[in-house]
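Colleague: In case you want the letters, here they are:
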Amino acid sequence: MRVLSADEATALAWCAGEDGLPGEVDVGLVDPVAAGDVVLVHAGVALTRLDAREAVLA
Amino acid sequence: MKYVDEFRDAELGRALAGEILTSVEPGRHYKIMEVCGGHTHSIYKFGIDDLLPANVELVHGPGCPVCVIPMGRVDDGIAVARQPGVILTCFGDMMRIPGSDGSFLDAKAAGADIRMVYSPLDALRIARQNPDREVVFYAIGFETTAPSTALTLKRAKIEGIRNFSVMCSHVTIVPPLRALLDSPDLRLDGFIGPGHVSTVVGARPFEFIPADYGKPVAVAGFEPLDVLQAIHMVLRQIEEGRCEVENQYTRVVPYEGNLRALEILSEVFELRPHFEWRGLGFISQSGLKLSEAYADLDAELRFDVPGVRVADPKACQCGEVLKGVIKPFECKVFGTACTPERPIGTCMVSSEGACAAYYNYGRFAREREVV
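Sequence lines, in order, name chains A and B. Basically my numbering = 1-based index in the first sequence + 101. Basically my numbering = 1-based index in the second sequence + 9.
Excised from the complex, chain B in its bound form:
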């Protein structure tokens, strides 16, 4: 398939792996964080880490939108779904995320009308088809997904659809990265920037990483050659003593982002003063809520939402995994008490979660000797 096959060429992959080998200094250990969960899955699906020199370590970042939803927010969604006349809609990934008393799927099995949608536009269609019901879209995701929620809200407003509202748990990517860079737990040498978030925000918002923290960044696509090339770009910057934001994914990411999408985001949403991230705690100005102009479509104002903060289960180490402090197999419950079938933590459930990537692609233990 065009735009895909070209970026899975084994010959080119081997050549790139050879170039990576010549870019690293023997005896030096390199830690590169791939921010996005989509990259984590590409890395293990295609065995990219097996092509890297032993002293290049990939660290998995917090860019999995489902993984960062705290238990209390899941409970809030279930509380809304249980109210009479409500149809709660959400993406498939959300259905199995554990709350303090089960998941959306458990609540659905117990009688709540919770439906999986591919797009918030589908949720709006359900609202049009069910004028006597209240349809709530449980919105999650980074800046990649927020535009679809914003466009849907705009359509709802224009069409005057009164039985539709949004429960907003959208988050932004820069504040958690800053929090990670400020954390003393982690020493990183560079970043693979999130490709699809960057289609919306562009590569420019990541300039603070080289400017304030002196670390190189390469925004990357999701095919194996994209990821390998981005790793090479980061290593070459280190080798040449450069430090900047490079864009590997030029076929998709404009450096300035999608200005129309950014405009609609600023019209429909505003920043919350604080937002709780699962495992990472409260991060200021990291979550979005509906702006004043769209407050009449805000499910949190329309319904009684408990808003109770629930601590993560003690055994769960999703926070350390999301911060890249531990590898998934270093978590005490990985693959034993916590599996994709019976997850304890979010990272094992989501299709973008690091634990799910390790579990699904058979990475049950440290297989590479890291120098």
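Just chain A, same shape as in the assembly:
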């Protein structure tokens, strides 16, 4: 999902998936995220932040 906005204090972010619908995601397990970052979300929790460079190399 793509991060739309993030609140570092609560570790919550609004993110949009493929359908474009926004959902609230707990981002407490990944390094601070900012609008535009892409995160892998499972059951409402971001497990990892995708690295654009790695995605091209893989």
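Calculated from the structure, these hints are not laboratory results. One or more of the hints may lead you astray.
Covered stretches of chain B, going by a simulated chain A footprint (3 or more residues, C-beta under 8 Å) [as the list claims (entries may be wrong)]:
(1) 124–134
(2) 143–154
(3) 203–216
(4) 255–264
(5) 269–280
Each residue gets a CB set at the ideal place from its N, CA and C atoms; glycine is no exception.
Given chain A's structure and the hints, the job is docking chain B onto it.
Modeller: Chain B only, in chain A's frame:
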């Protein structure tokens, strides 16, 4: 879409299939297990097995979190949901899993307040909105899902939400793999490691497979090129006489996993001495329960839970399917008495179940001649 389209390129897929063909030894039969149910679905959704040489067989593993929940645990959930004032929440996949006397959906139809949630955080929101009700989250899943339950429990504790608790059926991936490797029923040549579990635990926990059992592993993503590349990596290891854990899914999986997630898991959960898996029986140290520090949020301690062990229906062969001993269409009731609409076994219900993958993508019989 970025991160998706690049991994569905047909041209690259054909090229990879060609490379796979050159990596196999004619006359030798290769059995590769994809551990995760998500991979099984990718394989049949994208027709990956049709691109493989006839002597490369994919065997489906036990990595479907819903499929492994035994009937007794479903009955326990229903017993809790029927208690006065309780709202039981669970993932959508759980709703149709058969217990000994119906599913969560049947219990809901009969009046129990059972609600589907996307995340345990939604269950916590329901608890905040209903302070006069007891909200229980029925937690299932491997290490991929356990962090979301752990984070929710932490939030509940910090906020002092007293009407929330968790009924924990989280499981861990390594013990069933070890049990499979120790089983004389199955001879495997390599593994496609579970990509999303590995975002949390990393690739390192799978090192025991090459070290103790001499089998190669490639941790893989879920797009068609990911799976094809992982199959190629496993076959190339065999061809070159190597045996190690390789990480195909580097764009998502750090080799060491998510250390913050692992830390919170060890704080909130502890291993149960034994846990019963549907079809696989009891596997020691394979299930999680809430740790002492979170015992006040443990639904199994807060409510009266029957905890009765219920045997699987005789006709059901989910155990053999989960162990990869038989293919779904070899089960006596596949597609006849057991369908997604009226399932007997869990593998036909779950979106990650091997039987559901075969049924939904039209694999009703052995179509490939296996050498």
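Colleague: Take the hints in turn and mark each one as holding or not.
Modeller: Quick rundown of the hints versus the structure:
1. Under a criterion of three residues with beta carbons nearer than 8 Å to beta carbons of chain A, the stated coverage of the stretch 124–134 of chain B is upheld, 5 such residues being counted.
2. By the rule of at least three residues with a Cβ nearer than 8 Å to a Cβ of chain A, the coverage given for the stretch 143–154 of chain B holds, with 3 such residues.
3. Coverage of the stretch 203–216 of chain B by chain A holds [criterion: at least 3 residues with CB-CB distance below 8 Å; count 3].
4. A count of 7 residues in the stretch 255–264 of chain B with a Cβ less than 8 Å from any Cβ of chain A is obtained; the coverage claim is therefore met, three being the minimum.
5. By the rule of at least three residues with a Cβ nearer than 8 Å to a Cβ of chain A, the coverage given for the stretch 269–280 of chain B holds, with 3 such residues.
The structure agrees with every numbered hint stated previously.
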